[in-house]
Amino acid sequence: MTPVELEPSPSRTDVFGRSWEGRRVAIVGLGRSGMAAMDLLCRMGCRVRITEAKETPELRTMRDTCAARGVEDVEIGGHSQRLIEQSELLVVSPGVPETAGPIRWALARRLPILSEIELAFRFCPSTIIAVTGTNGKSTTVTLIAELLKASGHAAIACGNLGIPFSSILQQLTSRTIAVVEVSSFQLLWCDQFRPHVGVLLNVGANHLDRHPDAEAYLSAKARLFQRQTPTDWAILNGSDPRIVGIGEQCHAQRVWFGEDRSNPPWLRLAGQTRQSFTESAQAVLQVGRLLGIPDPLSWQVIRTCRGLEHRMEPVATTPRGVRFVNDSKSTTPDSLRFALSETPGDVVVIIGGRDKGLDFGDLL
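Take my numbering: the last position of the sequence shown gets the number 364, and nothing is skipped along the way.
Derived from the structure by calculation, the hints contain no laboratory data. In this text, all values refer to a predicted model and were calculated from it rather than measured experimentally. Treat the hints with caution; some may be incorrect.
Ranges of calculated distance between the beta carbons of each label pair, as one might list FRET restraints [as the list claims (entries may be wrong)]: (1) Glu55 <-> Pro230: 48 to 58 Å; (2) Asp64 <-> Gly22: 17 to 27 Å; (3) Glu55 <-> Glu85: 21 to 31 Å.
C-beta atoms are modelled at their ideal positions from N, C-alpha and C, and glycine is treated no differently.
Given the sequences, and given the hints that come with them, work out the whole structure.
Okay, here's the thing in structure tokens:
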């Protein structure tokens, strides 16, 4: 594969034209992404107001922080229609469902709605590599960022792995590569988001408590590629016919991994059993090849990169040889199935949390 030069996109059209100063923007959700969006919008001179459904001591402290930052109005413990209707734009945190009052009120008034990822994109000066999928996103984003740094590129991992895209904008330049993890919820409210390289790892059953059905979830993932052009790249898992269908609709140049497909270039990784990690490794190798990074360096990064917290993380081993593993980021039947396939011997599984409308029957 001939190495490509990734260049930052030309200036982007935003919802307010050139100036955001004085614009009335409402942020829905006061989590990490909401706070990062608040900081960005305040720097841009916007008149910011925030609404949060929950009320906790921590949120009350965050409310005080926002007020000190110059936010005009912060409401916690519920949403008021007034706050939304007095705004020109909504920025929505990923935890806010489409059925929430602020979204319904904004849609009724035809107000623009952006995710924090989309908002950050409007001000990003850097090349963007974006990764989505049901399983393995954070691992893949981390590996790509580590590979880029090992090969001499300036790179920052951000997005849905816990570092909001908005929060790193001041660290970015035209020579930096932002490696962004993107969830289906964030993609729902993306309008212009256009990664120079988009990666779709896999699609399994997930988040059916938020998406109407599996088809809607798949459509949300496909939005990663909707704004790409023939100068961009889509790296796709050719083992899944649904992803093949998405790829065939892409305007970007396509690179496949997984099963051998008739459309080169493709990559299959032999001798691996853990499907989610295999897909991550394949995607990382293809990103490396796209940028002209030698395979041996890619393999070195893949083999030596430390695992992420809460992902098959060894915790302790008792004197009698009982090993405890923290895999609390495993939140779907598929990811749990992958984890169990990597765990030899007798296993006791402790499962908790919300079921997200998924079927765990075949694991029982």
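Each hint, compared with the structure:
1. Glu55 <-> Pro230: 48 to 58 Å: holds, 49 Å
2. Asp64 <-> Gly22: 17 to 27 Å: holds, 24 Å
3. Glu55 <-> Glu85: 21 to 31 Å: holds, 22 Å
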